[in-house]
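Could you build the full structure based on these sequences and the hints that come with them?
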Amino acid sequence: MKKVVVIGAGHGGVQVAASLRDEGFEGEIVLISEEKELPYQKPPLSKGFLQGKQTEVSILFRSEQYYVSNAIDLRLGVTIASINPKENYISTVNGEKIDFTYLILATGAANRKLRFDGKEPKNVYYLRTLSDAKWIGQQLESANNVVIVGGGFIGLELAALAVEKGKKVTVIEAQSRLMERVLPEVISKVFYETHIQKGAKVYLGACVNGIQDNGDVVLSTGEALPSDLILAGIGVIPETQLAKEAGIICENGIVVNELQQTSIPNIYAIGDVANHYNPFAKKNLRLESVQNAVDQAKTAAAHILGKAVPYNAVPWFWTFQYHLKLQMAGISLGYDDYVVRGDTASGKFSIYYYKEGKLIGVDSLNKPADHLNARKLLELGIHPAKEEIRDLSLSLKELVSVS
Amino acid sequence: MPSITYIETNGTSHNIELPLGATIMEGAIQNDVKGIVAECGGSCMCATCHIYVDEKFLDKLPTMEEEEQEMLEGATAEVKSNSRLSCQVRMSNELDGIMVRVPEEQ
Ligand SMILES: Cc1cc2nc3c(=O)[nH]c(=O)nc-3n(C[C@H](O)[C@H](O)[C@H](O)COP(=O)(O)OP(=O)(O)OC[C@H]3O[C@@H](n4cnc5c(N)ncnc54)[C@H](O)[C@@H]3O)c2cc1C
Ligand code: FES
Chain A
1 MKKVVVIGAG
11 HGGVQVAASL
21 RDEGFEGEIV
31 LISEEKELPY
41 QKPPLSKGFL
51 QGKQTEVSIL
61 FRSEQYYVSN
71 AIDLRLGVTI
81 ASINPKENYI
91 STVNGEKIDF
101 TYLILATGAA
111 NRKLRFDGKE
121 PKNVYYLRTL
131 SDAKWIGQQL
141 ESANNVVIVG
151 GGFIGLELAA
161 LAVEKGKKVT
171 VIEAQSRLME
181 RVLPEVISKV
191 FYETHIQKGA
201 KVYLGACVNG
211 IQDNGDVVLS
221 TGEALPSDLI
231 LAGIGVIPET
241 QLAKEAGIIC
251 ENGIVVNELQ
261 QTSIPNIYAI
271 GDVANHYNPF
281 AKKNLRLESV
291 QNAVDQAKTA
301 AAHILGKAVP
311 YNAVPWFWTF
321 QYHLKLQMAG
331 ISLGYDDYVV
341 RGDTASGKFS
351 IYYYKEGKLI
361 GVDSLNKPAD
371 HLNARKLLEL
381 GIHPAKEEIR
391 DLSLSLKELV
401 SVS
Chain B
1001 MPSITYIETN
1011 GTSHNIELPL
1021 GATIMEGAIQ
1031 NDVKGIVAEC
1041 GGSCMCATCH
1051 IYVDEKFLDK
1061 LPTMEEEEQE
1071 MLEGATAEVK
1081 SNSRLSCQVR
1091 MSNELDGIMV
1101 RVPEEQ
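Listed in order, the protein sequences are those of chains A and B.
Under our numbering, residues 1 to 403 are what the first sequence spells out, in order.
Under our numbering, residues 1001 to 1106 are what the second sequence spells out, in order.
Just so you know, these hints were derived from the structure itself, not from any lab.
Hints are supplied without guarantee of correctness; some may be wrong.
What the hints assert, rightly or not - Footprint (simulated), chain A over chain B, 3 or more residues, beta carbon under 8 Å: (1) 1020 to 1032; (2) 1069 to 1083.
To be verified - Below, simulated DSBU-like cross-link-like pairs (lysine-lysine); rule was C-alpha separation at most 35 Å, straight line: (3) A:K376 to B:K1056; (4) B:K1034 to A:K36; (5) A:K376 to A:K358; (6) B:K1080 to A:K386; (7) B:K1034 to A:K325; (8) B:K1080 to A:K244; (9) A:K244 to A:K198; (10) A:K348 to B:K1080; (11) A:K348 to B:K1060; (12) A:K376 to B:K1080; (13) A:K53 to B:K1080.
Even for Gly, the Cβ is constructed at its ideal location relative to N, Cα and C.
What follows is the structure, given as C-alpha cells:
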C-alpha cells in the first residue's frame, strides 16, 4: 500500500492530507507536527486570537474527530530529525523510523532573530506559533510600554492590537516606510498615518543597535526607548535543514518544480519552505501566504494521485490593522505604472498595477469586492484598459466579461 | 446547545450541535461538512464559506454587515436572497434547528 508522510501540520500539511482523502487516495497518510496542539491556523494569531475575538478552538483547522474519520494518522509533538531518501524513511528525534512512498515537506519557516555581536537578546519575543501567541497575550496584559521591531505585516498587526489594548506602542522600522518590501508608497502612507493617529509612535529608517537587560531598546542614534515588552517581526528563514542534510537541492528554500517535486522525485515541498517558479511573478521565489501553502498542497496531492496540474494559482494575501483591511492579489512587484480606482482620501480604494501595459496585481483597501474581482481578472489573464479601471461607472463584473 | 443541519450538494445531511457563539462555518469545517472551504479561516476575506439559509430562519439571522455583503457579491455560486457567508453567522438560541445548504461551487 502506498504511504504518504507529511512533515509539518500547518496550512500546507493539513491541506495536502485533506486533499489526498478528498480526491480518493486510499493509502496510508501520516501527518507529523512537532507542535503539541491540534493543527491550527496562523493568520488569526496576530489578529482575532490576540484581540480576544477568536479562541483556541475556533482557529483549529479541523476537529480531532476529522483526522480519525479520514484515517489521517496525526502525530503531534513529534520532531523529525532526518530523512533517508535512499531507503525512503524518516527518523524522529527519538530514533523511531517512519517509512514512506512519498514524503511531503511542509515545514514552513522560522522567525529570523535579532542578534547583536552574534548574541540573541533574551528579552525579545517572536510570534509564529499558538504557544508564542499565548505567551505574548499574557505578557501584553501587564505590559505598558511595548516596542515592536519591524514594520512588516506581523509587527504592524501586533502594534495595532496592542494600541487597541491601551498600550503605549513604538514601532521601529529600518526602511523608509512601512511594509516597503511589498507595498507602494500610497498604501504605506495610509497605514503610517493611521498608526500615528491611533497613538503609536513609528520610527522609520531607524536601526536598533542593541537591547539592554532592563528592556531599553537602543537605536543607532543613541536614543534609548524604555520598554517592558519587546516583540520583533523581522522576517523568516525557511526550514530547510532536513532537506539540505538529505542532499535535496536548496536555494532560499527547497527548490521545487511546477508539480512541487524536489530534486528527489518522490519528495515534495510545499508552502513557505518551497522555492518555486511563480508564473505571476515570472521568477523563482518563496511566498509566505495561506493561499500559496493551500494551492501548492493541492498540486502535490493531485500529482501523487497521478494528475500533473502545474502550480499556477493567483497569489493573494491580506492584513488587518485597526479598521484597515488590505487584500492583495497578484504580484505587483516590478510594476511600471499604476491606476487608482476610488478615492484614496475615503480610505476605500484599490490600486491596479501594470507592467508593460499588462495588469499584474491589485491591492484593495477596504474594498473586498474589488479584491475578489481582481483575482478573477488575473486568473483569466484579462488586462482592462487603464481608463476602464478609473471609470467608476463601469461595474467590476463588466470588467471580468470585457476581455 | 442549539442544533443545525447542514445539507451537502449530494444530499448528505449532518445534524450537529454547536456551542453558542460558534460560527456556522466553524461547525462545518470541524465536522467535515463537504463544500464549505473557508480559505481565509473566517476573516470575511474569501467568500468560500457561502451557504443558503432555510427561509424560515432568515429574519432570525444577524443583519449583514457591509463587508459581508460586498464579499458575498464575489461568491462563485449564484447569490440568492438567502445567501450568507457562514463565517459571519454565529449560533444563537434563536437559530436552534436551522437548516443550511451548501452551494454547488465555492
Ligand atoms: C502571526 C502570523 C500571521 C500571518 N498572517 C497571514 C495572513 O494574514 N495571511 C496569509 O496569507 N498568511 C499569513 N501568515 C503566513 C501563513 O501563516 C504561512 O504562509 C503559512 O502558515 C505557511 O504554511 P506552511 O504549511 O508552509 O507552514 P506552517 O503553517 O508554518 O507549518 C509548518 C509546520 O511544520 C512544523 N515543523 C517544522 N519542522 C518540523 C520538523 N522537523 N518536525 C516536525 N514538524 C516540523 C512546524 O512546527 C509547523 O507547525 C501569517 C503567519 C504568522 C506567523
Ligand atoms: S471563511 Fe473566508 S469569507 Fe468566510
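Enumerate the violated hints, using their earlier numbering and listing them in ascending order. 8, 9
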